[in-house]
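Undergrad: Take these sequences, add in the hints, and give me the full structure.
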Amino acid sequence: MFQVLPEGISISSTAILVQILGSVALMLWGIRLIRTGMMRAFGGSLRHALGVATNGRFMSFGVGVLVTVFVQSSTATAMIVASLAAKGMVSAPAALAVMLGADVGTSIAAQVLSFDLSVASYVLVFIGFFAHSQCTDHVRRQLGRCVLGLGLVLLALSLVRSSSTPLRESALLVEILTTLENETLLTLFIVAAITWLVHSSLAMVLLTTSLFVAGVIPVKMGMLMVLGANIGGTIPAIVATMNASIAGKRVAIGNAVFKLTVCLLSIPFLHLVVEWLAPYLQTPGALVNFHTGLNFLIAALFLPWVGVFARLFERMIPDTSQQEATPLARYLDRSLLDSPTLALASASRELNRIPDQIDDSLLALAATIKSDDLAGVEIARRNHTTISSTLDLLKFYVSDVTRGDISEEESSRAMNIMLLSSNLRHVSDLVLNAVILCEARIKDQARFSNEGKQELLCLVNIIQQSLRLTLVAALQGDTQIRKNINRQRKELDRLVEISWQEHFRRLSDNNPSAVTTSAVHGELLRDFARIFYHIHAASKVIV
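Per the numbering used here, the sequence shown runs over residues 5 to 547.
Hints listed in this document are in silico derivations from the structure and should not be mistaken for laboratory results.
You may find that some hints are simply not true.
DSBU-like, lysine-lysine: derived pairs with alpha carbons at most 30 Å apart [as the list claims (entries may be wrong)]:
(1) 447 - 487
(2) 494 - 457
(3) 374 - 447
(4) 447 - 457
(5) 399 - 544
(6) 544 - 494
(7) 374 - 494
(8) 487 - 399
(9) 457 - 374
(10) 487 - 457
Label pairs and their calculated CB-CB ranges [claimed, not checked]:
(11) 483 - 504: 25 to 33 Å
(12) 25 - 513: 54 to 62 Å
(13) 339 - 504: 51 to 59 Å
(14) 186 - 378: 52 to 60 Å
(15) 315 - 283: 39 to 47 Å
(16) 201 - 378: 30 to 38 Å
(17) 312 - 444: 45 to 53 Å
(18) 322 - 437: 52 to 60 Å
(19) 458 - 512: 15 to 23 Å
On a predicted model such as this, the values are computed, not experimentally measured, just so you know.
Beta carbons are placed, not taken as given, at the ideal position from N, Cα and C, and that holds for glycine.
TA: Written out as structure tokens, the structure reads:
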């Protein structure tokens with residue numbers, strides 16, 4: 005730990021800077037440990053809590069507070085909310101309310117971490133390390149990670165305070181801080197940029213508080229830095245949602261607008277706040293209290309109007325992709341939901357498009373096997389994403405159909421559509437897995453033997469032929485086609501067995517290609533057998 009130097013012995017500014025930077029890095033790492041530990045232990049539960057946060061703005065606000073207190077990151081909360089908003093599971097007003105709660109949650113976390121618990125930090129580090137390294141239970145192990153992270157954060161804060169104490173005597177630093185205090189916008193920009201770089205407004209607020217407690221910065225300068233940290237804390241969420249749906253972008257941008265508005269309007273009144281609250285601003289927790297009050301003010305101003313602002317952001321940030329991009333689902337017409345027969349026919353028509361997309365992925369798989377071509381890998385990934393999204397829409401559409409008054413025959417047909425959809429999803433997942441295996445093989449510079457390559461390509465060809473017949477069998481109930489698929493399944497099983505035998509023979513002959521690709525070859529054979537299992541199961545369904 006930092007030792008107070010005897011009188012007459014000085015420490016260089018470089019050494020002080022290195023100590024502070026190291027302490028800040030330790031604090032960031034501690035916050036990361038807390039966040040990852042909570043997400044790994046309770047990520048599903050927290051995500052579910054956010055998903056059901058639609059029963060009013062106040063409940064959404066409260067859930068945002070609680071989740072962020074646990075994960076120690078409003079950015080993480082923003083990402084979860086953005087993904088839920090993109091899927092339509094959280095409305096825009098509820099998502100904005102959750103983000104307002106997340107900002108308050110960050111303030112509460114800062115309050116807890118601002119206490120000087122340097123002695124307790126060592127105990128927490130010891131307990132956390134012991135629990136994380138010795139516990140076999142997953143949840144307890146991750147809770148140990150959280151305790152370890154909390155100890156590191158408290159330890160880092162004490163190191164920042166002790167390391168920065170000599171800076172009070174620096175004339176150069178006083179001059180720089182005086183200049184920055186008079187250049188308000190420049191200070192906001194610098195602090196916001198630093199906050200964006202470290203991806204944690206919580207860490208920046210804690211660092212500012214530590215410098216204030218050490219007497220390095222005056223209270224007004226600290227307030228400016230807190231405002232800059234709040235502004236900079238909104239940038240990571242905006243950057244992270246740049247490639248997300250427009251609903252996710254609106255959440256991140258809307259929260260940034262709320263914070264930017266209040267922070268900029270607060271600047272002219274800072275000197276009045278310093279004068280009015282002078283007795284309370286000399287306490288160690290002054291800046292953390294200011295940070296908390298600021299976020300409660302933002303919540304009080306905008307929470308009652310989140311519905312109005314949600315509609316405003318929809319107008320300001322229109323969804324232009326709806327006109328430019330081809331819709332995922334072409335035939336799922338929601339106006340037909342009152343007519344179950346027509347709606348289920350539309351669902352069957354939509355399902356008929358899926359095998360063609362899987363076939364494109366199979367062609368990409370064949371290319372990676374035949375010529376080590378990586379160009380098709382991205383096509384396969386894109387197809388898999390499209391297929392998954394389309395089948396999700398199909399599932400919700402058919403579920404909506406069954407909520408109405410439908411006959412027993414229509415209910416049975418809806419169930420069969422869901423079964424067929426499930427089997428096709430499994431086929432798509434397995435095809436993508438096979439493509440990823442081949443991608444890893446190519447990057448490792450491993451090549452199939454010529455015989456092994458031909459065996460795999462023959463199996464892919466059989467899968468393609470059967471996949472094209474699957475929908476015909478399901479839609480038309482053609483027994484002859486089902487018999488053909490059953491014969492092809494037996495043929496594929498026979499060829500898989502032969503390929504295993506031939507592969508073992510090549511291994512016994514010390515064939516270099518067979519040795520380097522043995523694991524991939526075996527995984528592909530297993531995947532091909534599983535793919536055909538789902539194709540065979542899909543052909544038995546009548547829709």
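Undergrad: Next, verify each hint and record whether it holds.
TA: Structure-based check of each hint:
1. 447 - 487: Since the Cα atoms of residue 447 and residue 487 sit roughly 40 Å apart, the hinted pair is violated (cutoff 30 Å).
2. 494 - 457: 21 Å, holds
3. 374 - 447: This hinted pair holds, its Cα atoms lying about 15 Å apart.
4. 447 - 457: 17 Å, holds
5. 399 - 544: 20 Å, holds
6. 544 - 494: 16 Å, holds
7. 374 - 494: With Cα atoms ~24 Å apart, residue 374 and residue 494 stay inside 30 Å; holds.
8. 487 - 399: Holds - the C-alpha atoms of residue 399 and residue 487 are around 29 Å apart, at most 30 Å.
9. 457 - 374: Holds: residue 457 and residue 374 sit about 7 Å apart, inside 30 Å.
10. 487 - 457: With a Cα-Cα distance of about 29 Å, the restraint between residue 487 and residue 457 holds, given a limit of 30 Å.
11. 483 - 504: 25 to 33 Å: At 32 Å between Cβs, range holds.
12. 25 - 513: 54 to 62 Å: At 59 Å between Cβs, range holds.
13. 339 - 504: 51 to 59 Å: 53 Å, holds
14. 186 - 378: 52 to 60 Å: Given a distance of about 56 Å, which is inside 52 to 60 Å, the answer is holds.
15. 315 - 283: 39 to 47 Å: 44 Å, holds
16. 201 - 378: 30 to 38 Å: 33 Å, holds
17. 312 - 444: 45 to 53 Å: 51 Å, holds
18. 322 - 437: 52 to 60 Å: Check failed, 38 Å falls outside 52 to 60 Å.
19. 458 - 512: 15 to 23 Å: Holds, at about 19 Å.
In summary, the structure is inconsistent with hints 1 and 18 from the numbered list given earlier, while agreeing with the others.
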